[in-house]
Amino acid sequence: MWTREDNSPGGHAFPQQLLQDCKDGKLKAQRQVYDALSPKMMALCLRYMGNREDAEDVLQEGFITLFTKLDSYQGAGSFEGWARRIFVNTALMHLRRTDALGLSDDITEAHGLFTEEATPVQKMGYRELMQMVAALPPDARTVFNMYVIEGYSHKEIAKELGCTEATSRSKLQRARIRLQEMINETK
Amino acid sequence: MKEQEFDIYVRNTLRDASESVSPEVWKGVEAGLRRKKLLPFWRWTAASVAAAAAVVAGFVFLKPSAASIEEHSQPTSIFIAQSSEEIPQEQLLPIRKQIAGKQVRVAQELPALPEPVAEEPVPVQEEAPVQEEVTGLEEVPVVTEAPSVEEHSHALLQQLAREEGKPFRRGFGLSASGNVQGNQRQDVGGHIAPRQFGAPVLQQGEGIYNATPETSFSLPLSAGVGLMYYFAPRWAVGSGLRYTYMGRTFMGDYNSGDGFVLAGTDIDNHQHWLGIPLNVYFTFVEKGRWHVHTFAGGGVDFLLRNDYLVHYNKDIHYMEKSRAPQWSANLGVGVEYQLNPFLSLYLDPQFRYYFGTEQQPRSLRTIQPLRFDIEAGLRFNLGR
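Line by line, the protein sequences are chains Z and X. Sequential numbering from 726 applies to the first sequence in the working numbering. Sequential numbering from 4 applies to the second sequence in the working numbering.
Calculated directly from the structure, the hints in this document are not laboratory data. Predicted, not measured: the structure shown is a model, and the values here were computed from it. Yeah, the Cβ is synthetic: ideal placement off N, Cα and C, and Gly gets one too. One or more hints might be untrue.
[Stated by the list, open to error] Below are the BS3-like pairs computed for lysine-lysine, each with C-alpha atoms no more than 25 angstroms apart in a straight line:
#1 5/X <-> 794/Z
#2 748/Z <-> 765/Z
#3 848/Z <-> 880/Z
#4 751/Z <-> 794/Z
#5 753/Z <-> 5/X
#6 753/Z <-> 30/X
#7 884/Z <-> 40/X
#8 880/Z <-> 40/X
#9 30/X <-> 880/Z
#10 753/Z <-> 765/Z
#11 748/Z <-> 40/X
#12 753/Z <-> 39/X
#13 5/X <-> 748/Z
[Unchecked claim] If you only want the chain Z side, here are some residues facing chain X, beta carbon under 7 angstroms, derived:
#14 785
#15 847
#16 851
#17 856
#18 873
#19 908
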């Protein structure tokens, strides 16, 4: 029924007419987009917030923002990619509101990530990895998600979070070390 | 390298993962979107009120002096020259009436013309005779070009009304209007049938039951006629009759009452209402042909017909009995443009709240009792 207009591999197709119907406020079209995006965006929100309750709050607010600001999507890049940025920003707003980020300019180098005794991460499944990421401290979790999963640069992260690039690198390293420790503990 | 492998694996595992979502999230999204839809109307209203307040303030504080009003609004006047023939007063009065229309009463009698004075014959001169100013005569505004008569008479009417301390419009006004409410939308919710809610359809009497959550509403439309009475400067009261049609489509169950039950079928609902509105109007800006007014009031609507069309291999008509009247209250700010002394166009955006909607068949009013209407129409000033 839908033509493949989205170039992202494995991504969901969002025809122009469907998006136009959403802009026109047609609930049926909005529900279709919601049904298509909500499972992935819920996983995204869960990665950032660390618990289901907060993740659902962010998901709800993110979709309201998405449909309200749909006019600003001009078609450049994939719709799903645009939607991801909406949800990342919404999650960051929530974290700032609760003061959970608390990023300080701590640039102490973190060491001891990939030792010989380290358990390969490839042994971890999705559910285990998700739980481990959720267990990270909020600041490290946020930087890890933005850099590793979303693909932000340290410069972009520093700008978004109001810290230095050195702090961003430091937090990322700490996140990696902590994850590896948790992976090792499952051995 | 190992670090990069670590990142790539985690990214590939987590980026496109999916999680289950509670149904409550969509309800929250829907409610939030509904609130957002109302918000622009509040902003529009706030902007309208602010603009109206600015216009009023500008009018009050920047109002030109009476002298300049006279100077700019008085039509061109000529002096009636004394001639050898007496001009009867009754010939002068109809001129004034004809220009100003029926709405203007002659404020005072024109003073009597002085007796013509007998003079010796004056030799005819080639140049044009000089028109001498005749004292004791009022300046009578006369316009010669047809297109400007209405303009001047309109300004004259307003000025006369102000001078006499009386409203520009008096008497009755008749209006014909159309009305649009809200938007076509789909909504979550079922048919309101509290006595039978949740019970098996077969065990209930004749009726419509168990509508599925999705309902599609059509655009509510109204048309009406009204009567306004201007009882004081700037004040008027209005009433009339207003017909409203509301429709919706949903999926539900139908019980014919004699053992025939249709489950999960498409049903169209057509609601026909007749309302009696009552409003009080206050005009707070009168600038030329434009009037800005605020109004408040209420109304009562009666459900004339509530028809259901149940779609089957042949359609089934089911009519529900009438319910209690629907009461409402409204508040708005509108504008009116006077096309001529007898006819004006008006636009009345307003908020309307419907009371006791739980007793009524499902419609946009029951889902959203606070609604934004736009009423537009023609107003005929019958005057006196």
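Status of each hint after checking the structure:
1. 5/X <-> 794/Z: Violated. Residue 5/X to residue 794/Z sits at ~40 angstroms, over the 25 angstroms cutoff.
2. 748/Z <-> 765/Z: holds, 22 angstroms
3. 848/Z <-> 880/Z: violated, 32 angstroms
4. 751/Z <-> 794/Z: With a Cα-Cα distance of about 15 angstroms, the restraint between residue 751/Z and residue 794/Z holds, given a limit of 25 angstroms.
5. 753/Z <-> 5/X: violated, 47 angstroms
6. 753/Z <-> 30/X: holds, 13 angstroms
7. 884/Z <-> 40/X: violated, 33 angstroms
8. 880/Z <-> 40/X: violated, 37 angstroms
9. 30/X <-> 880/Z: Violated: residue 30/X and residue 880/Z sit about 38 angstroms apart, past 25 angstroms.
10. 753/Z <-> 765/Z: holds, 20 angstroms
11. 748/Z <-> 40/X: holds, 12 angstroms
12. 753/Z <-> 39/X: Satisfied, since the Cα-Cα distance of roughly 17 angstroms is no more than 25 angstroms.
13. 5/X <-> 748/Z: Roughly 45 angstroms separates the two Cα atoms, so the pair is violated.
14. 785: Status holds, d = 4 angstroms.
15. 847: holds, 6 angstroms
16. 851: This hint holds: residue 851/Z lies near chain X, its Cβ roughly 5 angstroms from the closest one there, short of 7 angstroms.
17. 856: Violated, about 11 angstroms.
18. 873: With Cβ-Cβ at 5 angstroms, under 7 angstroms, it holds.
19. 908: At about 9 angstroms, which exceeds the 7 angstroms cut-off, the nearest Cβ of chain X leaves the hint on residue 908/Z violated.
The structure fails to meet hints 1, 3, 5, 7, 8, 9, 13, 17 and 19 from the earlier list, while all remaining hints are met.
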